[in-house]
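Enquirer: Line by line, the protein sequences give chains L and V. All residue numbers for the first sequence refer to the working numbering, where the first residue is 3 and numbers rise by one. All residue numbers for the second sequence refer to the working numbering, where the first residue is 223 and numbers rise by one.
Among the hints, erroneous ones may be present.
When the alpha-carbon atoms are kept at most 20 Å apart in a straight line, the in silico EDC-like pairs for lysine to aspartate or glutamate are as follows [claimed, not checked]:
#: 1; chain 1: L; residue 1: K98; chain 2: V; residue 2: D523
#: 2; chain 1: L; residue 1: K98; chain 2: V; residue 2: E458
#: 3; chain 1: V; residue 1: K465; chain 2: L; residue 2: E69
#: 4; chain 1: V; residue 1: K300; chain 2: V; residue 2: E270
#: 5; chain 1: V; residue 1: K463; chain 2: L; residue 2: E69
#: 6; chain 1: L; residue 1: K88; chain 2: V; residue 2: E550
#: 7; chain 1: L; residue 1: K70; chain 2: L; residue 2: D54
#: 8; chain 1: L; residue 1: K13; chain 2: L; residue 2: E47
#: 9; chain 1: V; residue 1: K660; chain 2: V; residue 2: E299
#: 10; chain 1: L; residue 1: K13; chain 2: L; residue 2: D54
#: 11; chain 1: V; residue 1: K229; chain 2: V; residue 2: E299
#: 12; chain 1: L; residue 1: K88; chain 2: V; residue 2: E552
#: 13; chain 1: L; residue 1: K98; chain 2: V; residue 2: E531
#: 14; chain 1: V; residue 1: K465; chain 2: L; residue 2: E72
#: 15; chain 1: L; residue 1: K98; chain 2: L; residue 2: E72
Which residues of chain V face chain L? A partial, calculated answer using Cβ under 7 Å [claimed, not checked]:
#: 16; residue: A426
#: 17; residue: G427
#: 18; residue: H515
#: 19; residue: P516
For the record, the hints were derived by calculation from the structure and aren't laboratory data. Ideal placement from N, C-alpha and C gives every residue a C-beta, glycine not left out.
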Amino acid sequence: MQIASAVEGNKATLSLNGRFDFHSHRDFRAAYENALGESGIREIEINFRAVDYLDSSALGMLLLLREKAEATGKNVVLAGLQGTVKQVLDIANFGKLFSVKA
Amino acid sequence: MSGASLKILIADDSPSNAKQLEILIRRAGHVPILAGDGRSAVALFQAESPDLVFMDIMMPGMDGIEAVRRIRALPTEKWTPIIFHSAQDGMGDIVAGLEAGGDDYLVKPASPRLLLAKLDAYARLLALQQKELGYIAELESWRLEAEEQSRLGAHVMERLTDAEGLRDPMIQSFNLPADTFSGDLLCAARGPGEVLNVMLADAAGHGLSAALSAMPLTQAFYSMTAKGFPLSSIAEELNRKLKALLPADRFVAASLASVDARNQTVEVWNGGNPDAAFVTLDGKVSMQWASNHPPLGILPDGLFSGTTETVVFHEPGQLVLCSDGLVEAEDPEGRWLGLGGTLDLLVGADDPQRRFAVLRDGLNRHLAGRAGRDDISCMLVTMLIERRRIPRFAAPMPVHQGHVAEWQLNLAFSAPELRYIDVVPAVLGFMTQVDALKPHQGTLFLIISELFNNALDHGLLGLDSATKNLIGGFEIYMQHRAEGLAALTAGRIGLSFLMHEDEGRAVLDIDVTDSGPGFDHEALLRDADLATNVTRPHGRGIALVRGLCSDLVFSGTGNRVWARFLL
Numbered sequence: 003m004q005i006a007s008a009v010e011g012n013k014a015t016l017s018l019n020g021r022f023d024f025h026s027h028r029d030f031r032a033a034y035e036n037a038l039g040e041s042g043i044r045e046i047e048i049n050f051r052a053v054d055y056l057d058s059s060a061l062g063m064l065l066l067l068r069e070k071a072e073a074t075g076k077n078v079v080l081a082g083l084q085g086t087v088k089q090v091l092d093i094a095n096f097g098k099l100f101s102v103k104a
Numbered sequence: 223m224s225g226a227s228l229k230i231l232i233a234d235d236s237p238s239n240a241k242q243l244e245i246l247i248r249r250a251g252h253v254p255i256l257a258g259d260g261r262s263a264v265a266l267f268q269a270e271s272p273d274l275v276f277m278d279i280m281m282p283g284m285d286g287i288e289a290v291r292r293i294r295a296l297p298t299e300k301w302t303p304i305i306f307h308s309a310q311d312g313m314g315d316i317v318a319g320l321e322a323g324g325d326d327y328l329v330k331p332a333s334p335r336l337l338l339a340k341l342d343a344y345a346r347l348l349a350l351q352q353k354e355l356g357y358i359a360e361l362e363s364w365r366l367e368a369e370e371q372s373r374l375g376a377h378v379m380e381r382l383t384d385a386e387g388l389r390d391p392m393i394q395s396f397n398l399p400a401d402t403f404s405g406d407l408l409c410a411a412r413g414p415g416e417v418l419n420v421m422l423a424d425a426a427g428h429g430l431s432a433a434l435s436a437m438p439l440t441q442a443f444y445s446m447t448a449k450g451f452p453l454s455s456i457a458e459e460l461n462r463k464l465k466a467l468l469p470a471d472r473f474v475a476a477s478l479a480s481v482d483a484r485n486q487t488v489e490v491w492n493g494g495n496p497d498a499a500f501v502t503l504d505g506k507v508s509m510q511w512a513s514n515h516p517p518l519g520i521l522p523d524g525l526f527s528g529t530t531e532t533v534v535f536h537e538p539g540q541l542v543l544c545s546d547g548l549v550e551a552e553d554p555e556g557r558w559l560g561l562g563g564t565l566d567l568l569v570g571a572d573d574p575q576r577r578f579a580v581l582r583d584g585l586n587r588h589l590a591g592r593a594g595r596d597d598i599s600c601m602l603v604t605m606l607i608e609r610r611r612i613p614r615f616a617a618p619m620p621v622h623q624g625h626v627a628e629w630q631l632n633l634a635f636s637a638p639e640l641r642y643i644d645v646v647p648a649v650l651g652f653m654t655q656v657d658a659l660k661p662h663q664g665t666l667f668l669i670i671s672e673l674f675n676n677a678l679d680h681g682l683l684g685l686d687s688a689t690k691n692l693i694g695g696f697e698i699y700m701q702h703r704a705e706g707l708a709a710l711t712a713g714r715i716g717l718s719f720l721m722h723e724d725e726g727r728a729v730l731d732i733d734v735t736d737s738g739p740g741f742d743h744e745a746l747l748r749d750a751d752l753a754t755n756v757t758r759p760h761g762r763g764i765a766l767v768r769g770l771c772s773d774l775v776f777s778g779t780g781n782r783v784w785a786r787f788l789l
């Protein structure tokens, strides 16, 4: 999986590309830790538009990010949900845990 | 190789040549071993296992080419470089030497500078090999340790999942691990009222770490089921347990179901698993329970919801639970079996009894001999409508002989407690401590829960059982009940138990009072008489209690009931 990071004002966007699974662990953490460290950032958006699959360990990584973001007063938004990705997140009812944007 | 000393075998039949090489090697800080012909070179190679070999070709008896061929044929775990050192300088000799297994070829007399440079070059290669062998040994010890942990994990997991309850004739299941063992967990057990509880849990990931996440669930599931706790309370407790034990990125998707063949209901809590489904015997998917909650172990107590969905089934059929490994099982082209594909297989079976086999076969065809990427599990619970009015454990039991210790227990619950305490399991928990009552646990659960629910539903909440007669009525009734209970601010239910002897017979008297307005109990008893003959959803409870007790008397305005149970 490739991750492109961008910061605009107080919002950081991580655009994911490819298969989000166990092997993405290190890259994903490295990408969000930058954003967590910036005190000016209030919102971290994870964009799934180019993700074609995510497994349960990816869900675990999102939960871990959510916990760390809460501790630093930041909000995590899931965006660009479509196809299989949307289906997996819906079954896990992640809409009840995260802000979701179309 | 700086510092490290090599053991070097020199095979040469000329003592002066050997001596020259020996001195050079010794000066470079290595240890020479001498062999005067091919045969002793092979013997010394085996005895001393040197790090490097200098081999002459022309020697009496066995020549160098043959000696190298034999050395290379020996079993070995490491590479030992062999350098031919010979006066033969023809192309044919050099090629023959390398083909026999030599690594290098120096023509005699080689200059000391060249010999030393070669020694150093091979020392560097050997150091690299040494490092690699170290890594391999380390990997091997990791592998052995991991295997040992897996073995232990698989053993414990097998014991935990090998539940008596899964051998229930109503249940068929499979659990195919992606790893040494599965992170999917299947449980089944009967509660005191003959209700069958099942659980299919799927921990994030697979292998040991996933199995470890699922393990805490079993004990709570079995003990709470045995005590008769409602499904929502079991879900809440399982979530509480996992939330306390697991790190933030670990969770367990689960579907829990409670199957009540007597009341013809199926109750489901689904958090993170694919839809649970009910397939009628004639092959219609009559109900699907989608995941309504996040998986277990994520939400804190206050935010977690144990809300279940109950459906009345009017014809027999099968409840199907599965993990996402089944839905996401891939064929060789990477296409998922899907929920639709799964249900199509089940519905397509010509004989409902063969559905399980058809699903297994269909899955095997889909996977085409390859293992699943994730653990794949599925459970089928076959439900037949029980027409019998009296449950099977009400078969004649030996009359309790001898003296019983007399005791009395009085309990009173007001609205705030009624809202959150599971009264019946709490009371039953005490009852099962009394030896004389132990064999009657199931019957007592039925009697107490019917009388208590009657007091709560009709006495305090004013619910009308007739609602249950409507189509979809049971669901409406349960919803009204949940809403009424949440809004309950006043009211009181008293429970009193007296165990004693009457006319030489041990008896348990049960007295239930509520603060409600009462009701026309004579009409209810008339109804109850009807209910013994006619299948109707209300009045059945009272008819059942009447069948199980020797006496049943309503008094007051109908807000007090007294029942006697013979031991």
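Enquirer: Name the hints, by number, that the structure is in violation of.
Expert: Of the numbered hints given earlier, those the structure breaks are 7, 9, 10, listed in rising order.
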